[in-house]
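Work the whole structure out from these sequences, hints included.
Given next are the chains, with one letter for each unit.
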Amino acid sequence: MYLYKFGKMIFHKYANPTRFLKLASTIQPWAAAATIGFLLAGLYFALLSSPGDYQQGETVRIMYIHVPAAWMAMFCYTAMAAAAAVGLIWKHPVAELAARATAPIGACFTFLALFTGSLWGKPMWGTWWVWDARLTSVLILFFLYLGYMALSNAFDDPARGSKASSILALVGFVNVPIIKFSVDWWNTLHQPASVIKMDGPAIHASMLIPLILMAFAFKAFYIWVMLMRIRGEINEGKIRALRLRQVHGGPPSRTTILEKTTEGAR
Amino acid sequence: MKRKHKRLTFVGIALLLLAAAAALILAAFEENIVFFFSPTDILAQKPTPDRRLRLGGLVEEGTVTKPKGGVITFRVTDTAQTVPVSYKGILPDLFREGQGIVAEGRYINNVFVADEVLAKHDENYMPPEVAEAIKKSGQWQGKEKVKTK
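Protein sequence lines correspond, in order, to chains A and B.
The opening residue of the first sequence carries number 1 in the numbering used here; numbering runs sequentially from there.
The opening residue of the second sequence carries number 1001 in the numbering used here; numbering runs sequentially from there.
Because the hints were derived from the structure by calculation, they are not lab data.
We put the beta carbon where it would ideally sit given N, CA and C, even for glycine.
Just so you know, not all the hints are guaranteed correct.
Stated by the list, open to error - A short list of chain B residues far from chain A (calculated; beta carbon distances all over 12 Å):
(1) 1046
(2) 1050
(3) 1065
(4) 1066
(5) 1073
(6) 1079
(7) 1082
(8) 1101
(9) 1108
(10) 1109
(11) 1137
Stated by the list, open to error - Where chain A lies over chain B, by a calculated footprint (3+ residues, C-beta under 8 Å):
(12) 1013-1019
(13) 1024-1034
(14) 1055-1062
(15) 1110-1122
So this is what it looks like as structure tokens:
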């Protein structure tokens, strides 16, 4: 009960963009430091201090980029859908911005996963691309990100764009479990899960360590860039409000509304 | 009920219905979503030669022949049934006996004539020394399971 109240307090407190900006500027340098630290350690293990694979040889090192990127592709979509839901249901202004800020980052991770997967597929499978359930569902994820971005920027009024795109984000979330379980539900060219599975990872520790380090680096990078993008969105909103005030002599703009909702959820 | 609670209920129900719809669609298209058929499927279906399809399974040990005029033959097994395959072309690096492969082509006169062979690799990653040690101790289970559907 106490935890619930505490959570509720945080939830409402950081619905105020100005307060959120303060929190963001505190977290951001830590996220940046964590990204660089984990990336250096991860790359050292991934490229220098880990063995080749018994079957794939040195080519296995593509995994240390490909797999964390693919995890982040799904993680970012989940985060985006959750933020979109909070924005839609509780009208939480910062959650809406977080969803908008996450989309391009998730799209980049998805592209990276598809691209490195293709480079890996050619030498190992013998093909750049096949239309199996895993590859196809990840390509759909990429298009969902692009669709979300296009839709959220398609309206002159950002509030309307946010509503329409939030609904798209939630509908598209159906695809995330399909991606995860595609390799179990159907036979695919892509191999089944190696790390996140019921009976423990099927990767030797010497290869699992660099993989986990890289995954942490990618996650810290996401937090870093996402906060940066939210700050950008908030500032952009402020500029838009100022311009509107200059032109019209002061109809209430979205940002002034945002600023007033210190209590957040209505 | 407050408005936000109404919205929460609405979004929750909508998502549940959506998930159910997606599950039904995927179940209906099951046959089209599978990437390949196992030897058991092929022998049960007896596909006609005009149909292009994919065959997946393990390359049976000791069945790979030396290329004659560029044509290589081997048998693909799912440990229950086997199908003979003939293929003319370049094999992927991972192709070897006991390896999982997916071949694309047509089933003609009880032989699968492939025009493309892809290697499938399993979910196990380990350094060569570890693989060697496991093989020596007799605990090797490297062969992937082929799903029969």
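Do the hints match the structure? See the list:
| no. | hint | result |
| --- | --- | --- |
| 1 | 1046 | holds, 20 Å |
| 2 | 1050 | holds, 21 Å |
| 3 | 1065 | holds, 20 Å |
| 4 | 1066 | holds, 20 Å |
| 5 | 1073 | holds, 18 Å |
| 6 | 1079 | holds, 15 Å |
| 7 | 1082 | holds, 17 Å |
| 8 | 1101 | violated, 9 Å |
| 9 | 1108 | holds, 22 Å |
| 10 | 1109 | holds, 26 Å |
| 11 | 1137 | holds, 15 Å |
| 12 | 1013-1019 | holds (count 4) |
| 13 | 1024-1034 | holds (count 4) |
| 14 | 1055-1062 | violated (count 1) |
| 15 | 1110-1122 | holds (count 7) |
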